[in-house]
Amino acid sequence: MNTPVRRVAISVMVMILLLLANLTYVQVVKAGDYRNDPRNQRVLLAEYSRQRGQITADGKVLAQSVATDDRLRFQRQYPNGPAFAPLTGYYSVLYSSTGIERASDSVLNGTDDRLFGRRLSDLITGRDPSGGNVALTIQPTVQQVAYDQMTAKHFAGAVVALRPQTGEILAMASTPSFDPNPLASHNTKTQQDAWKADNAADPPVLPNRAISETYPPGSTFKLIDTAAALQNGYTPDSPLTAAPRITLTGTNTTLENFDGTPCGTGATATLRDALARSCNTAFATLAGALGPDVLRKQAEAFGIGTSGMTIPMPVVPSSIGDLPDTAALEQSGIGQRDVRLTPLQNAMVVAAIANGGTLMAPHLVKEIQGPELETIDTTKADRIGQAVPAGVAATLTDLMIGSENRTQGGGKIAGVQIASKTGTAEHGNDPKNTPPHGWYVAFAPAQNPVVAVAVIVEDGGDRALEATGGSIAAPIGRAVIAEALRAGQ
Amino acid sequence: MAAPPQAPGRAPAPPLPTGRGIELLLLAFAAVIVTGALVIVEANQEQEVTTTLLWLGLAYLGLFAVAHLAVRRWAPYADPLILPSVALLNGLGLVMIHRLDLANADRASLLGNAPPSSLVLRQVAWTAIGLALFMLVLWRVRDHRTLARFGYTAGFAGIILLALPGLLPASISQVNGAKLWIRIGGIGIQPGEFAKLLLIVFFATFLVQKRELFTTAGRRFLGMEFPRARDLAPLIVAWGLSVGVLVFESDLGTSLLFFGILLVLLYVATERISWMVIGLVFFVGGAVLAYNLFGHVRVRVQVWLDPFSDFNGNGYQIGQALFGLGTGGVGGTGLGAGRPDLVPFAESDFMWSSLGEELGLIGLASILVIYLVLITRGLRSALAVRDSFGKLLATGLSYAVALQIFVVIGGVTKLIPLTGLTLPFLSYGGSSLVANYALVALLLRISNAARAPLPQRPSVPQAPLAQAATELVQRPAAADEARGAQA
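Chains W and F supply the protein sequences, listed in that same order. Residue numbers in the first sequence follow the UniProt record's numbering, run continuously in steps of one, and reach 489 at the last position. Residue numbers in the second sequence follow the UniProt record's numbering, run continuously in steps of one, and reach 487 at the last position.
The set of hints was computed from the structure by calculation and includes no laboratory data. Source: prediction; values computed, not measured. In this text, a Cβ means the ideal position worked out from N, Cα and C, and glycines have one as well. Take these hints with a grain of salt, some might be off.
Stated by the list, open to error - Computed from the model, here is a short list of chain W residues facing chain F with C-beta under 8 Å:
#1 Val8
#2 Tyr34
#3 Gln408
Said to hold, decoys possible - Output of the computed footprint for chain W on chain F, the stretches with three or more beta carbons under 8 Å from beta carbons of chain W:
#4 265-271
#5 321-327
#6 365-371
#7 390-401
Claimed, not checked - Some but not every residue of chain W turned toward chain F, in silico, with C-beta under 7 Å:
#8 Arg35
#9 Arg39
#10 Asn40
#11 Thr310
With these hints in hand, go ahead and build the complete structure from the sequences.
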């Protein structure tokens, strides 16, 4: 009987080996898949059981985790939710995360390489591990003013304010906004209800318009035409057509100035005048004369067409479109057709002009801090390139002052010279009967800039078809500049 | 036991090593591991680490020290590795059940419910009862061969116990779809666990008595000797029994277990591989039949093939178990630092995934090795014991453990379809624990018989040489032949 018993013993060992082989498959080969499966809550629960770091701006807490006595030991809170939501994003059990919560997740949850030393000491000292903090470049009061200005009249749109010399983002508002607090609730029902409401909202509240939406820039694009022209033989006094309307090259389509008026009183208008009056015919003709390559090169020098930009949230690339023929080029010259910029990109254009032509990389994170607010890493200002020579930038500033002085709208600041350009961009399938987007891009003080802003108000704001960039966007831009100047002192 | 009479003027023969010292040392080692595990759980769950834990560890050691003394008294030559293996498994099970208790209490307090009753205290009580039965068996069953006398009684009792829950009303016997229980006054017993032991005793008795019947030559086919058709009757009865369990009690695991054990015993008794072939044909036939007849079997198979396609329904348990095992990975999250409570029935049917999440592949492999030690020491006793009944009984008992862990672990890790069985000594469940302690007591009894020195023939007192009468000594013929062969 011993031979069969030995064989039974061998079969038992085979069974154990089978189990071990299968366990190895489950716990080694498939382990990553199982661990990271979205239906597996374990990693998330582990993440929640650590204290996530804060998001702060100039000492003000924008997002923090406070201890609770429920299953997910820490509750994420956003003290001033909607105004800062485009920056912080949300951090939700069910719906993942957005904004800085997502982009700087490794710092906030403490797994970032820069926090390695800290983790090691946590391990040795037995301290509860906690995440690092992210300090933003945002000026909270500027952000608040931008948000309040936009929401006071229930405008949909975005405001971006940059420090031209460094690329620091001082404000980035997107309205209407959402409250990230219910999305971070530990109550599933609360989360689901908020998510449903946020997704059903019209206009949409979840996207950060400043970086994830592109809009036709309209007349603000004339700054790029002018920048290219000044480097290609034109001066501020070069004559351009003053015709109230022109026919696009090779087509029967007419293109006319705002309200069909001629550009000034003469047969021609100077470049300076044409920009100040924002004459469409002049710039369409100018863009056609410059040619597609010159225009595209200039646009690219300002950062348009760059893909993969992060601040650290990813920024949707801006584009001037394909420019297949001269007619397209002429339309694109006044920022219509396929030209589409993010509000951030438009702010970068004026910031480069304000900074003597040097384009700085926009960024939102000022520094990474350890759990005790000790600085671990500081973001250095990063120069992208020279968008225009310093002389051209100075001329552009001069021309933009002329434009600002002709721009309507309230909020002018006594004693401060702003350099600006407005835009009123047509869009939609029936452009003439669709309320236009109003733009205002500016920097101030003109000779010693400390802030550059871009404001877009969607769909005519409260003026419907009558809206212009000057009437709806300019007052907001000026208010933001005023607050930035006040806060900067 | 009287010491064998010693011849005067001779040095006593050196005592054979009994292994009891090693057993005690290993038990102490198991106590250290279990206490360490408990301390880690408490630390990770942020409970206060106090000297109470040390006392708990010592109490555990004390409990098994008593069992050790019983072995020393009643089975002094028993295998020294079996009891420590069992003690370690049982101890780790208790630690894990305690850890899940903490998680359940945590959840209850979050939901504002009253704290659930502590499972670990019950399991400790069951451990004590199990050890009491263990000692009772060692004390009362002084020679395993006496069990053969009760073989048919055991078989009868086993079938009654097995059938009982199936015949009782569901209100008493049904838990989670399977009718396996007898619940009276808050205490539930799974008679099937005890029936398992009784039926193994019966099978062993029956097969030893009727061995010739099964070895009668039949037809040769494919190089194997097949039995005559009429000798298939016992196999068909066992098969019917298994199917009956499946039909009336909806218990796939027990059904599989009984059939597998009988098949292996039949093979060991007859030394004929043809029984295995016939048995496998019956098994496949039964499996196909069950798949086509029973919805719950089909569901099990579908969940096995793809648990994630119905993650929020039938696949939830296996899916969560796999997530737990995957999250644990090679090293595990550490005892008390994972979320094994996310798997339903984490302390009973899914104990394995709970352990896997927190101890990782390394921990699970170690536990498998402990099981392997237990099983191979049992089979080793089967090889060494001198009587056929003992061999069959030891093989049956060891194989019962082996097949059970294969079916449970294979089910939880998606190697085979899931069946509802518990892991011997690790899972929460009183009946299983108590019955398995009786099983281990029988194994120790057989191993004692296998390792005990042969009873010496009473030596004939020899007269001093001077007074000895001349004896005629004849050279043994066998020795002659051997010498001739050498030459």
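Now the hints, each set against the structure:
The beta carbon of W:Val8 comes within 6 Å of a beta carbon in chain F, closer than 8 Å, and the hint placing it at the interface holds. A least Cβ separation of about 2 Å between W:Tyr34 and chain F falls short of the 8 Å threshold, and the interface hint therefore holds. Proximity of W:Gln408 to chain F is violated relative to the hint, the smallest CB-CB distance being about 59 Å (cut-off 8 Å). For the segment 265-271 of chain F, the proposed coverage by chain W is satisfied: 4 residues have a C-beta within less than 8 Å of a C-beta in that chain, meeting the threshold of three.
Coverage of a stretch by a chain is defined here by at least three residues with a beta carbon nearer than 8 Å to that chain's beta carbons; for the segment 321-327 of chain F and chain W the count is 6, and the condition holds. Under the rule that three or more residues need a Cβ within less than 8 Å of chain W, the assignment of the segment 365-371 of chain F holds, with 3 such residues. Beta-carbon proximity to chain W at under 8 Å applies to 5 residues in the segment 390-401 of chain F; the threshold of 3 is reached and the given coverage holds. At about 5 Å, the closest approach between the beta carbon of W:Arg35 and any beta carbon in chain F falls short of 7 Å, and the interface hint on this residue holds.
Interface restraint check: W:Arg39 against chain F, minimum CB-CB distance 6 Å, threshold 7 Å, status holds. Below 7 Å, beta-carbon pairs count as interface contacts, and W:Asn40 has one with chain F at about 4 Å; its hint therefore holds. Interface hint status for W:Thr310: violated, as the beta-carbon distance to the closest one in chain F is roughly 30 Å, over 7 Å.
Going down the numbered hints, you'll see the structure goes against 3, 11, while the others check out.
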